[in-house]
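*Asks:* Here is what each chain is made of, one letter per residue.
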Amino acid sequence: MKLSFSPEDEQFREEVASWLRENLRGEFEPIRFRGGPGDEHSFVEERKAWEQKLAEGGWTCIGWPKQYGGRGASIEQQVIFNEEYARAGGPGRIGHIGETLTGPTLIAFGSEAQKERYLPGIRAGKEFWCQGYSEPSAGSDLANVKSKARFDEASGKWILNGQKVWTSLAHESQYCFVIARTDPESKAHKGLGFFLVAMDQPGVTIRPIEQLTGTSEFNEVFFDDAECAADDIVGEPGEGWKVAMGLLGFERGVSTLGQQMLFQNELDEIVRVAKANGAARDPALRQRIAEAHIGLRIMRFNSMRMLSGGEDGSLQKEAMIYKLYWSSWHRNLGKLAMDVMGAESEIVPEAPYELGRLQSMYLFTRADTIYGGTNQIQRNIIAERALGMPREPRG
Amino acid sequence: MEFRFTDEQVMIRDTAEAFLKEVSTSEAVREAMVTERGYDQALWQQISQEMMWPALHIPEEFGGLGLGFVELAATLEQMGRTLLCAPFLSTVGFGVNALLVAGSETQKQTYLGQIAEGKTATLAFMAPGSRPDARAVQVTCAADGDGFVLNGEYRYVLDGHTADILVLAAREAGSEGEQGISLFVLPADTAGVSREWLPTVDQTRKQASITLQDVKLPADALMGEAGQAWPALAKILDLATVAVAAEQVGVAQESLDSSVAYTMERVQFGRTIASYQAIKHKAADMMLKVEAGRSAAYYAACVADEALANNPLGEGLAEAASIAKAYCSEAAFFNAGCGIQLHGGVGITSEYDIQLYFKRAKSSETLLGDAAWHRERLARQLLDGDAA
Chain W
0 MKLSFSPEDE QFREEVASWL RENLRGEFEP IRFRGGPGDE HSFVEERKAW EQKLAEGGWT
60 CIGWPKQYGG RGASIEQQVI FNEEYARAGG PGRIGHIGET LTGPTLIAFG SEAQKERYLP
120 GIRAGKEFWC QGYSEPSAGS DLANVKSKAR FDEASGKWIL NGQKVWTSLA HESQYCFVIA
180 RTDPESKAHK GLGFFLVAMD QPGVTIRPIE QLTGTSEFNE VFFDDAECAA DDIVGEPGEG
240 WKVAMGLLGF ERGVSTLGQQ MLFQNELDEI VRVAKANGAA RDPALRQRIA EAHIGLRIMR
300 FNSMRMLSGG EDGSLQKEAM IYKLYWSSWH RNLGKLAMDV MGAESEIVPE APYELGRLQS
360 MYLFTRADTI YGGTNQIQRN IIAERALGMP REPRG
Chain B
0 MEFRFTDEQV MIRDTAEAFL KEVSTSEAVR EAMVTERGYD QALWQQISQE MMWPALHIPE
60 EFGGLGLGFV ELAATLEQMG RTLLCAPFLS TVGFGVNALL VAGSETQKQT YLGQIAEGKT
120 ATLAFMAPGS RPDARAVQVT CAADGDGFVL NGEYRYVLDG HTADILVLAA REAGSEGEQG
180 ISLFVLPADT AGVSREWLPT VDQTRKQASI TLQDVKLPAD ALMGEAGQAW PALAKILDLA
240 TVAVAAEQVG VAQESLDSSV AYTMERVQFG RTIASYQAIK HKAADMMLKV EAGRSAAYYA
300 ACVADEALAN NPLGEGLAEA ASIAKAYCSE AAFFNAGCGI QLHGGVGITS EYDIQLYFKR
360 AKSSETLLGD AAWHRERLAR QLLDGDAA
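As you go down the protein sequences, you meet chains W and B in turn. 329 is the number that numbering that gives the first Met the number 0 gives to position 330 of the first sequence; each next residue is one higher, with no gaps. 250 is the number that numbering that gives the first Met the number 0 gives to position 251 of the second sequence; each next residue is one higher, with no gaps.
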């Protein structure tokens with residue numbers, strides 16, 4: 000066991016940090032630390048410009064193979080990039096769905112034509128993507144999607160009908176990848192297709208969902224005879240589930256240390272408030288602040304384990320607990336923030352409802368234990384896959 | 000970054016697991032725990048002479064194997080998992096670490112050599128009713144010719160009634176807090192030392208009181224500088240704390256494993272109770288605790304290695320130890336407590352072993368500071384700007 004990164008990786012870290020120091024300033028100064036979870040609606044145009052700036056520096060899609068415009072960066076380097084990016088206050092990445100989900104999916108399952116058509120736009124920070132998975136009746140039970148895709152022989156196009164929900168950045172994206180039923184008689188994970196759909200067309204309607212924070216990160220997306228070119232299906236009709244599930248394996252925890260740096264920023268802010276308002280002298284709050292610190296440090300140790308092992312891509316135990324662990328920790332941090340602020344926690348900085356950073360975090364962390372697999376689903380997965388307990392009956 | 004076992008470390012862990020499964024069975028634990036001594040001497044001979052575990056992280060120049068704290072932690076985890084009844088934590092977690100941190104070359108040669116050959120050791124520092132900080136040191140020492148004379152009483156000394164070698168903390172009369180503390184090492188049969196076994200709730204771990212009445216020690220019993228030993232003692236306690244945390248991971252793991260195994264067997268309403276979500280979700284929470292605890296304990300073990308080598312990364316020892324002990328204490332207690340619940344009625348019988356894990360979880364939590372104590376130590380560092 001070793002605790003440190005190699006000298007080469009440390010050199011890479013310095014390269015990332017110095018590029019960010021030189022470029023994340025001037026016109027981009029206002030977007031530092033902005034656009035993260037709960038704040039994705041802010042500074043959209045500036046953040047799109049920032050994506051192109053990143054691309055010019057060669058800092059988009061660094062984990063992609065070189066032949067597709069990436070750097071072929073190692074897992075360690077991707078971790079380091081994410082960590083330094085968060086440390087420098089890099090804004091929330093509008094391009095992250097294309098970079099971490101669409102791109103790897105096309106590289107693994109796409110045709111050469113699809114790669115040529117779509118990868119350069121993502122790499123250049125000019126074409127943005129959203130994810131069309133969840134539906135009103137397909138949340139945790141993702142295989143229950145009802146959206147349908149029918150091939151129209153006359154026009155030679157796929158025609159999509161249905162509704163997607165919880166689609167973040169839908170209104171800022173040119174494209175959406177969508178799973179929909181190619182076989183209308185099929186059930187569960189059979190008979191699905193994976194489609195690349197342009198958002199700017201008459202058959203697509205986007206409706207923002209206002210959240211408890213008063214902001215709208217998420218949307219509903221309606222497809223009413225939306226069109227999709229014949230060769231914009233990834234894999235064969237019926238292979239959609241395989242493609243969609245393959246995509247879930249791509250992320251592999253490289254962004255976890257970056258996410259933890261955001262958490263650290265929040266915890267630091269809570270400590271600052273506690274010292275300033277005297278909460279730091281309250282024995283019960285001292286215990287909880289220390290507990291939050293312990294929880295975050297262990298999150299890092301856990302990531303280090305996760306990133307050190309499993310070269311074969313197998314799911315390790317420390318990886319299986321990760322979502323349940325961080326989401327529960329972050330939700331507790333939200334409540335701690337309010338309790339540390341005390342009476343002031345109720346006062347909104349700006350009318351009518353411009354929440355402060357910690358207030359917004361407090362409310363938005365309620366989503367953490369729900370999206371990407373609820374805590375209940377995570378516990379089922381842990382019990383069944385890691386502990387070998389009996390599987391839930393599935394209808 | 001390689002935060003995972005090397006092949007050699009995996010081998011050491013597997014060897015420990017296999018050996019302890021053989022020798023530290025439920026029957027063996029129950030037989031040893033009801034004796035005053037608390038362990039089987041033949042087994043200790045095997046552990047020290049065949050497995051050479053007490054010598055694990057003793058440097059080769061002092062007759063040891065020269066391995067590191069991670070290997071030690073891997074072994075301790077397996078000991079916790081089987082509730083091994085042996086004076087290992089006292090001898091190695093406290094005794095060896097005390098000698099490595101504070102012993103002179105001569106003291107190391109003498110005592111580490113003896114430990115490698117099978118002698119046992121422990122550390123005494125706590126006054127009755129104290130908590131594990133500098134104020135716990137109440138036994139007094141005074142200059143006596145070239146040597147020293149010690150008086151007072153220790154309590155909560157692990158294996159204090161059986162240890163062959165004692166490391167004692169004492170303070171100059173009138174000194175307070177971190178000032179005036181000295182460490183001594185001596186054979187347990189030194190005149191004036193009387194020792195008494197204290198029966199404990201957790202019978203798998205023995206404690207004793209030690210009373211010193213005009214105990215005269217030669218100058219060469221002193222470890223380091225007279226009156227300057229607090230930093231060394233603090234470091235020894237932090238190293239021992241990491242050792243306890245590694246054991247707690249094993250307690251947490253076995254509490255989970257035995258409970259899952261039980262729920263897979265137990266049938267109610269026509270199905271194994273393991274098929275109910277109420278049971279599965281509890282088990283999932285238990286696994287989260289044990290895996291997060293494992294990450295914390297092994298990180299701390301890595302830092303302990305750096306600290307023993309006096310490397311800069313070792314400066315994080317106090318923080319890493321507190322993180323590991325705070326988390327692993329609660330993980331072991333949570334898992335053993337949930338374990339009893341998942342066992343249902345049989346969980347509270349003496350026949351099933353889960354009650355033994357529940358008792359060990361609590362005694363380990365109390366040992367060297369419970370979770371709240373370590374959180375407050377971290378809070379001082381985070382919120383008051385003090386060193387922890």
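Think of the hints as simulated: they come from the structure by calculation, not from any bench. Owing to the predicted nature of the structure, the values given are computational and were not obtained by experimental measurement. Every residue, glycine too, gets a C-beta built ideally from N, C-alpha and C. Please note that the accuracy of each hint is not assured.
What the hints assert, rightly or not - Per label pair, the in silico range of CB-to-CB distance:
| no. | chain 1 | residue 1 | chain 2 | residue 2 | range |
| --- | --- | --- | --- | --- | --- |
| 1 | W | GLN66 | B | PRO311 | 39 to 49 angstroms |
| 2 | B | GLU49 | W | PRO64 | 44 to 54 angstroms |
| 3 | B | GLY269 | W | ALA275 | 56 to 66 angstroms |
| 4 | B | ARG29 | W | PRO135 | 30 to 40 angstroms |
| 5 | W | GLU13 | B | ASN310 | 14 to 24 angstroms |
| 6 | W | LYS241 | B | GLU350 | 43 to 53 angstroms |
| 7 | B | GLU350 | W | ALA275 | 50 to 60 angstroms |
| 8 | W | SER17 | B | THR5 | 29 to 39 angstroms |
| 9 | B | ARG134 | W | LEU2 | 24 to 34 angstroms |
*Asks:* Each hint needs a verdict: does it hold in this structure or not?
*Replies:* Status of the hints after comparison with the structure:
Evaluation of the 39 to 49 angstroms hint for GLN66 (chain W) and PRO311 (chain B) yields a pass: the beta carbon distance comes to about 42 angstroms. The hinted range of 44 to 54 angstroms is satisfied by GLU49 (chain B) and PRO64 (chain W), whose Cβ atoms lie roughly 52 angstroms apart. Between GLY269 (chain B) and ALA275 (chain W) the CB atoms are about 60 angstroms apart, so this pair conforms to the stated range of 56 to 66 angstroms. A beta carbon spacing of about 58 angstroms between ARG29 (chain B) and PRO135 (chain W) contradicts the range 30 to 40 angstroms that was offered as a hint.
Between GLU13 (chain W) and ASN310 (chain B) the CB atoms are about 22 angstroms apart, so this pair conforms to the stated range of 14 to 24 angstroms. About 50 angstroms separates the C-beta atoms of LYS241 (chain W) and GLU350 (chain B), a value consistent with the hinted range of 43 to 53 angstroms. For the pair GLU350 (chain B) and ALA275 (chain W), the beta carbons lie near 56 angstroms from each other, so the given range of 50 to 60 angstroms is met. Between SER17 (chain W) and THR5 (chain B) the C-beta distance comes to about 34 angstroms, which sits within the given range of 29 to 39 angstroms.
With their beta carbons about 33 angstroms apart, ARG134 (chain B) and LEU2 (chain W) fall inside the hinted range of 24 to 34 angstroms.
Of the numbered hints stated above, the single one contradicted by the structure is hint 4.
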